[in-house]
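Enquirer: Place chains B, C and D on chain A using the hints.
Protein chains in written order, with this note's numbering: chain A, 1 to 342; chain B, 343 to 684; chain C, 685 to 1026; chain D, 1027 to 1368.
It is possible that some hints are incorrect.
Lysine-lysine pairs mimicking BS3-like chemistry, simulated, CA-CA at most 25 Å apart [as the list claims (entries may be wrong)]: (1) B/Lys345 to B/Lys453; (2) B/Lys378 to D/Lys1277; (3) C/Lys823 to C/Lys777; (4) B/Lys528 to D/Lys1062; (5) C/Lys870 to A/Lys186; (6) B/Lys398 to B/Lys528; (7) A/Lys93 to A/Lys139; (8) B/Lys593 to C/Lys854; (9) C/Lys777 to B/Lys512; (10) C/Lys854 to B/Lys512; (11) D/Lys1196 to A/Lys170; (12) A/Lys170 to D/Lys1277; (13) A/Lys36 to C/Lys870; (14) A/Lys251 to D/Lys1196; (15) A/Lys186 to A/Lys36; (16) B/Lys528 to D/Lys1277.
Think of the hints as simulated: they come from the structure by calculation, not from any bench.
Number of protein chains: 4
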Amino acid sequence: MIKVGIVGGTGYTGVELLRLLAQHPQAQLTTITSRKEAGMPVADMFPNLRGRVSLKFEDPATAPLHQCDVVFFATPNGIAMTQTRELLAAGVKVIDLAADFRITDIPTWEKWYGMTHACPELVAEAVYGLPELNREKIKGARLIANPGCYPTAVQLGFMPLIEAGVVDLKYLIADAKSGVSGAGRKAEVHALLAEAGDNFKAYGVAGHRHLPEISQGLSRAAGQVVGLTFVPHLTPMIRGIHATLYARLTKDVDLQALFENRYRGETFVDVLAPGMHPETRSVRAANICRIAVHRPQGGDTVVVLSVIDNLVKGASGQALQNMNLLFGLPEAMGLDQVPVLP
Amino acid sequence: MIKVGIVGGTGYTGVELLRLLAQHPQAQLTTITSRKEAGMPVADMFPNLRGRVSLKFEDPATAPLHQCDVVFFATPNGIAMTQTRELLAAGVKVIDLAADFRITDIPTWEKWYGMTHACPELVAEAVYGLPELNREKIKGARLIANPGCYPTAVQLGFMPLIEAGVVDLKYLIADAKSGVSGAGRKAEVHALLAEAGDNFKAYGVAGHRHLPEISQGLSRAAGQVVGLTFVPHLTPMIRGIHATLYARLTKDVDLQALFENRYRGETFVDVLAPGMHPETRSVRAANICRIAVHRPQGGDTVVVLSVIDNLVKGASGQALQNMNLLFGLPEAMGLDQVPVLP
Amino acid sequence: MIKVGIVGGTGYTGVELLRLLAQHPQAQLTTITSRKEAGMPVADMFPNLRGRVSLKFEDPATAPLHQCDVVFFATPNGIAMTQTRELLAAGVKVIDLAADFRITDIPTWEKWYGMTHACPELVAEAVYGLPELNREKIKGARLIANPGCYPTAVQLGFMPLIEAGVVDLKYLIADAKSGVSGAGRKAEVHALLAEAGDNFKAYGVAGHRHLPEISQGLSRAAGQVVGLTFVPHLTPMIRGIHATLYARLTKDVDLQALFENRYRGETFVDVLAPGMHPETRSVRAANICRIAVHRPQGGDTVVVLSVIDNLVKGASGQALQNMNLLFGLPEAMGLDQVPVLP
Amino acid sequence: MIKVGIVGGTGYTGVELLRLLAQHPQAQLTTITSRKEAGMPVADMFPNLRGRVSLKFEDPATAPLHQCDVVFFATPNGIAMTQTRELLAAGVKVIDLAADFRITDIPTWEKWYGMTHACPELVAEAVYGLPELNREKIKGARLIANPGCYPTAVQLGFMPLIEAGVVDLKYLIADAKSGVSGAGRKAEVHALLAEAGDNFKAYGVAGHRHLPEISQGLSRAAGQVVGLTFVPHLTPMIRGIHATLYARLTKDVDLQALFENRYRGETFVDVLAPGMHPETRSVRAANICRIAVHRPQGGDTVVVLSVIDNLVKGASGQALQNMNLLFGLPEAMGLDQVPVLP
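This is chain A alone, in the form it adopts within the complex (with noise of 0.2 Å):
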């Protein structure tokens, strides 16, 4: 069994990785820690996990963090980079569901999370937490950046497009549309259901933090500097995403078939028949991503549509999707659930 700690844990990726991590045959959660929470049962805080985790929330000074085989960071951005340094040291595996060894570019980092960053090191030798992309690196890495929410339903989308280099590189467009718990569990006026619920706004526009990290990826796939217009929305529902992007097609292709065979053995991604249109519902409390391609009207304007659930694919199934990467295991294991649906 792989001991496993969570650090934070009172948010919504916190109790989604509690939730998984309950059902995964090989983890056994040893400690989960709250510097404001600790010694209060986390069944209290997330009822649905009664009967199903008995651990109370830990002061973080105390709690047996060394003696796990891997630690989660289900933290605000800022936190893992202060702690991870010594973990690692002890020989834990550390996977962080927040952004601090997401960046590369240390001064883009610092901008855009307006800190400096505390092990600027150990940023170089994360891996970035994406499997579709990065599978092998996984497998030998002691550090994982897990992905941002927007990042992993943008990246897979646009993934095929750009290693088959058949788009405009320049002009990329990516119009997303996220449920509310993607902007966390905080007491915030913004995110009240009076307020958030039977609404729909943009936000962000002028630069979101996910659009460096997105940048990043893009580039990266691309071996040169893309040109992104990277746009959030907020939609009155829980859970989900949907990546709407757009591009210009520089070359013919059947892009079907390079969506088909790009993703052909890939568990995680669902790559839907012509014409069809995911759902966000059709992923969700799952760590999915679906995919369609459309070439409207036959012109040379790609639209690719991807939806995953932010909580999962877009964080904590994906880490446990990492830890088993890390761990030997198989990738699949204990992330098979079904879609629940209605």
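Expert: Relative to the frame of chain A, chains B, C and D by itself:
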């Protein structure tokens, strides 16, 4: 492996049964029928099942239902009663998720359901499939009448009070609230998002089909006819039932102990600590009923709060729980999903 | 034109008051205060008011409240009581949308609201602003205690039964369901869309602040202390309250006629035809209460269904209705909005 | 008073037209027809209209439409074209809320709507009723083709850029999101709350009927055929459209000034300050379009955000705006509702 057939299956109890069966280690889905959709892959109708259920809907006339070990009817009322006799004769066990076998008194059934019953003799044989009440009878049955969603939540909430004889049986009130999936997957204007969304209403105050079912269950437990007022409401969510039950205490009793003792050892009933309020999301997509009991201001009105997922403990999950009992499997097999929150 | 001031106004009753005042032909909004947001244009906080309300929030210390004809307090509990004496002395009429003047019995108020009352002598003078009950007293008042949202729906529903003396006063049950705007525009985790969405729960079963307010009103009408069980619930919608009321009939009576007669001539109470069920959306954004009365199965339990928009008839609309009465205007002036459906 | 008739009126644009007409000081609803619901009081179908609209639906065969000054068609596509000739001949002005007269090119219309056009000669006469574009022509018209909901939001957002000739006309992208009331009040499974709730999806990527309408409008303004990719999405809310528009700048221009100048003096178009994001709820239930223009990262992709209430500025409110123009009334008469928030 138990060979499983489903009749119907294009509705919400059908897709939920499929979701749960796909995760059951001892059940093998053999055939699923739909007169209307014969030939269509199940996963084309329910995209959450892509990659998990490969069957197509079959024509009921030719589907090999007789070769199954058990057949679930996830059909409208009035279908199961026309096919059950033949299936039982072929040695197939039958679990009806509709109402055909729930009401023992035939004239009552015929009045509320507006049909002549096709096999009254089987009604007498059928066992009402509420395991927390009828576990032993279920184990030896051939034919299970799976309870309705409201009746499950209401009976589990009232049962400890009635069995203990501590409330006035003439004035029981069940104020119940349901998500819209309870109305089924039918094209009806009143259930549109634009109609039922951001809206709350009572319905069927003059009389709802679940009233005689609940009354029958409570009266049996009481050993006398009870007086029940049942008011169902439609609440703008997808899954979940919340029953708020009121009764007048006739004896002083430790209510908390009464409920805890009644449900000690029950895997699928969770009695909350004093003062707590169960939420429907705490049982979303899982086979569990959570109950809290209150005595406001120390008066003699007892208030019971009982929540289930109408599609799981209120329908398909309970049906699998019954299947497990019928076949001597551990009662909780394949029903260990953790509720999905948020 | 009536010069109107608003104290507070950054919450939902505030924005709703502004929406309605902007359409009132005889009211002129003169000043609106907010300690925290002083200097911010009101329309920056509430974008629906762009082009319709040009005022900025003013510092309460310097705002010309004394020059107003009427001041509305759309503040948390405990604010109005500290400023009302001075305003009344300056000849300004006061309408408090909070609870400071609702409960006549000071110790009861202090127990439920956890504060020492700052001006008990004004509580005796204040008139409870439920026009359908207190119309004449309101016309001559200086100080109005605007009713709570639940109390409005529940009292209007029970009143005909209690005034007519046809129900058992010891066992009244009010099962009430509210949209989340009733919780106010406060940054609290439990009211997030990701928490309150697709979820239903009871809360405050042990005791809610609206219980003594409702009990006081019903007891006054009954001429004796009534026994009331009040269970509020949170339902995943933005606006609306649905109260389901239960009482035991002690006399045979034509319930439909009783209700129709009681509310004949009332502009803002609509008694539905027998057998109907009111929906909250039928009153959305308008100042009206719709009521239906049922007697299920002809038994002796009467069921009343009463719906309002908690922000209009349950708060700001009723406050304007009171203002109209205070200033001798037609009671319905500025309150002729048609409910918004869908 | 203008005598108003409505043909159809059992759908959402119908009830919205009734809500607005009930508050219009110069319009008198004279007759409303429905073949299917003839004889039913309108307020029985739409309970928000109780006490406000006393008419019954009339049989179209006998309804006195010819005595009206104006007739609105709130019907499915293909109805208005069969009755308009006769009404015009009788001196009645006609406003069609459906699509019969929107597309000038008859073969294009027939291809997208799958019918033979019944009166092509009137298509040439009809004026496209987007007042911000066609105000003077509307004033003198007999027959108005009221724009579609998506086309209103998209055209108002793109128009300043196209008229000024500052974007590449070959690659315009409109990523639009609509609430479910846009699908109409039809009994269809895909629009059930249990299907469309908590879900997000694109639809009609291969081609949507609003594509030729938008293309026609933009091409006219451009003086050449434009290249447009239009992707509509369904978002789980009742009212509202959010269009996110992308174009490539070909000239350096002060975008904010361009938009402000274009819409200066327009009552029903609100250009937000730089950096703002409009929300659909800020226009809920009111006749207004709010627009913001962005240039992310100072690149040459311009992003326009445009929101309307699909049932008001996207349908019935705009129809009344057109009626006001047709009859020489102030354009904003009866359209001064303040948006409902929250």
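Enquirer: All hints, please: hold or fail.
Expert: Against the structure, the hints:
For a cut-off of 25 Å, the pair hint linking lysine 345 of chain B to lysine 453 of chain B is broken: about 36 Å separates their Cα positions. Taking the CA atoms of lysine 378 of chain B and lysine 1277 of chain D, the gap is near 58 Å; set against the 25 Å cutoff, the hint is violated. A hinted pair counts as satisfied when its Cα atoms are at most 25 Å apart, and lysine 823 of chain C with lysine 777 of chain C qualifies at roughly 11 Å. Proposed proximity of lysine 528 of chain B and lysine 1062 of chain D is supported: the alpha carbons are some 21 Å apart, at most 25 Å.
With a C-alpha separation of about 12 Å, the suggested pairing of lysine 870 of chain C with lysine 186 of chain A holds against the 25 Å cut-off. With a CA separation close to 21 Å, the supplied pair lysine 398 of chain B and lysine 528 of chain B stays within the 25 Å bound. This hinted pair checks out: lysine 93 of chain A and lysine 139 of chain A have alpha carbons roughly 11 Å apart, not beyond 25 Å. Between lysine 593 of chain B and lysine 854 of chain C the alpha-carbon distance is near 17 Å, which keeps this suggested pair within the 25 Å criterion.
For the hint linking lysine 777 of chain C to lysine 512 of chain B, the alpha-carbon distance of about 51 Å lies beyond 25 Å, and the restraint is violated. The straight-line distance between the Cα atoms of lysine 854 of chain C and lysine 512 of chain B is roughly 16 Å, inside the 25 Å bound, and the hint therefore holds. Between lysine 1196 of chain D and lysine 170 of chain A, the direct Cα distance comes to roughly 16 Å. Compliance with the 25 Å bound is thereby established for this hinted pair. For the hint linking lysine 170 of chain A to lysine 1277 of chain D, the alpha-carbon distance of about 17 Å falls within 25 Å, and the restraint holds.
Under the criterion of a C-alpha separation no larger than 25 Å, the hint pairing lysine 36 of chain A with lysine 870 of chain C is consistent with the structure, at around 21 Å. Between lysine 251 of chain A and lysine 1196 of chain D, the direct Cα distance comes to roughly 17 Å. Compliance with the 25 Å bound is thereby established for this hinted pair. A distance of roughly 14 Å separates the Cα atoms of lysine 186 of chain A and lysine 36 of chain A; the hinted pair therefore holds under the 25 Å criterion. With a C-alpha separation of about 53 Å, the suggested pair lysine 528 of chain B and lysine 1277 of chain D falls outside the 25 Å cut-off, and the hint is violated.
Hint compliance for this structure: hints 1, 2, 9 and 16 are broken, all remaining hints hold.
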